[in-house]
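This is what each chain is made of:
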Amino acid sequence: MSDPTLILRVRNLTARIATRKEEIHAVRGISFDIAAGEAVGFVGESGCGKSVTARAIMRLAPEGTSIALGGSVDFMGQDLLQLDEKAMRDLRGRRIAMVFQDPMTSLNPVMTIGSQIDDIVRRHTELRGRAIRQRTVELLNLVGIPNPERRADNHPHQFSGGMRQRVLIAIAISCDPDLLIADEPTTALDVTVQAQILRLLMRLREERGMSLMLITHDFGVVAGMVERVNVMYRGEIVESGSVERVFAEPAHEYTRALLHAVPRLDTAGRVL
Amino acid sequence: MSTVRAMVDTAGSQNPPADKRQRLTNGQLLLGLGIAMLAVLIIVTVFAPLIAPFDPSKTSPNSLAGPSAQHWLGTDSIGRDVLSRLIVGGRTTLLITAVAVFLALAAGLVLGLLSGYLGGMVDEIIMRVLDVVFAFPVFLLAIAVVAALGPTVPNLILTIAIVYTPAMARVVRGPVLSVKEWDHVEAARSVGVSELRLVLRHVLPMVISPIVVATSLTLSHTIFTVTALSFLGLGPPPPDPNWGGMLSEARQFMELAPLTVVGPATAIVFATLTFIVLANGLREVLDVGSWR
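As given, the protein sequences belong to chains A and B, one line each in that order. Per this note's numbering, the first sequence starts with residue 1, numbered consecutively. Per this note's numbering, the second sequence starts with residue 273, numbered consecutively.
Hints were generated in silico from the structure; no laboratory data involved. Careful: at least some of the hints might be erroneous.
Covered stretches of chain A (chain B as the covering partner; in silico rule of three or more C-beta atoms under 8 Å from a C-beta of chain B) [said to hold, decoys possible]: (1) 86-98; (2) 134-142.
Part of the chain B face toward chain A, derived, beta carbon under 10 Å [unchecked claim]: (3) Ala378; (4) Ala379; (5) His456; (6) Glu556.
Virtual Cβ for every residue (Gly too), placed ideally from N, Cα, C.
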């Protein structure tokens, strides 16, 4: 890679999802960069290919389908699309991690929170024995779980949605990844909790110098969080630029439509 | 999801407390009854030689005697104590059953997990092969295999294990198909958990309850199959007693000494019923619904 400050350089990425009945071109040749420590937003309506893009980078195919990927995903000098599955597994969670949309279902309901984090720490670090649990408690503390020693022995159903999302974030950052992909991290949460989770993500990103790929359908979420935003529509990036620029003078018609879809307080409405 | 929830809060939420005391649900009562019956079976089986009043193979001139203080269930055609033979014979029958079901469960788990989790061609091949086995009538297949390999105890066990493996594999495969698509499995995969570990730690624990219920039901079926095959002379050879064999020997004298038939028949019914009651209790308590 020519530019050392870039950690992710995606060129002409395509994803075709084959289901039993048909083939869907979910991502149609997109290119983008993410610099070290940078936060980039991906915005678009549901089905526009933003989640598939995230899964393509992680090489996670949705169950029951197979995904054919094309183009290149250059992550710190390695083309992820060329890696074998074992190398990819070592990389997942350690270098690139992901936070999922629905915290209610993304934790194993029959394992304690602590043991779920322990597993990942054991998998990707040299820590052994009691040091693992220490690290787990540290992580829970870091994401703002009160009483982390005691809470580590609880099961997911004893946590609220917001708390579970914190746990999932703890799992995701457990091995200090270089890139964190957050796929609609606040969509399933209460509005009040959404702000907390977003602030937590921001804080962690700054503290650890991670890059963040934030996927959302909500321009409001993107606004305060990221420097650059890519607008996706029908599997393509239709507009990309700094948040200020895209908000102030959206160039693409679709971006304008998307911005208009959010009710605003500063423009007068029309009586129906 | 519902099965898991039920496992977690079996104790409380399903049954609203009446008055202040918790009322037991039907499922819990059934389960209790099943466990009690199972305890009786296990105790009698384990301590059989201590409990049996006579040596089950010792003959006496006092043949086909009716019940007496000495021989509670009378004696059979060559003067052996029926009660003692029942108690000791249960060991053979139940041991064959337990080992056979354990093997079927092990094979069913491996095949069901492979098939359900991997999907695709692996699934097709495994399930089609199992369908072939499944399509044979149980007894016909069992008789054919035992006849071909010879009526020894290991052969009987192997045969029954083969016969019940497809049903077990299906019970495992069904829920695995849906559980493998749950978010927490993908979430675990996204942090580098290996596929084997995904299956064992994130998929298998979710499908335990239907498997437990199916195992109990299969045990009841298997007791019946084992005794039936023994009845047909495909069981363990005489003189060691077993329930099916006893029934077969006693059949010719049932008019002279009805207890020699009623005894083993009752034992078979009791053992079969134990696992049916247990299965129904477990199904209610674990909230398995109609997986099967």
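Verification of the hints:
1. 86-98: holds (count 8)
2. 134-142: Since three or more residues must qualify, the claim that chain B covers the stretch 134-142 of chain A is violated, with 0 doing so at under 8 Å.
3. Ala378: 22 Å, violated
4. Ala379: Status violated, d = 24 Å.
5. His456: At about 5 Å, which falls below the 10 Å cut-off, the nearest Cβ of chain A leaves the hint on B/His456 intact, so it holds.
6. Glu556: With a minimum Cβ separation of about 20 Å from chain A (threshold 10 Å), the hint on B/Glu556 is violated.
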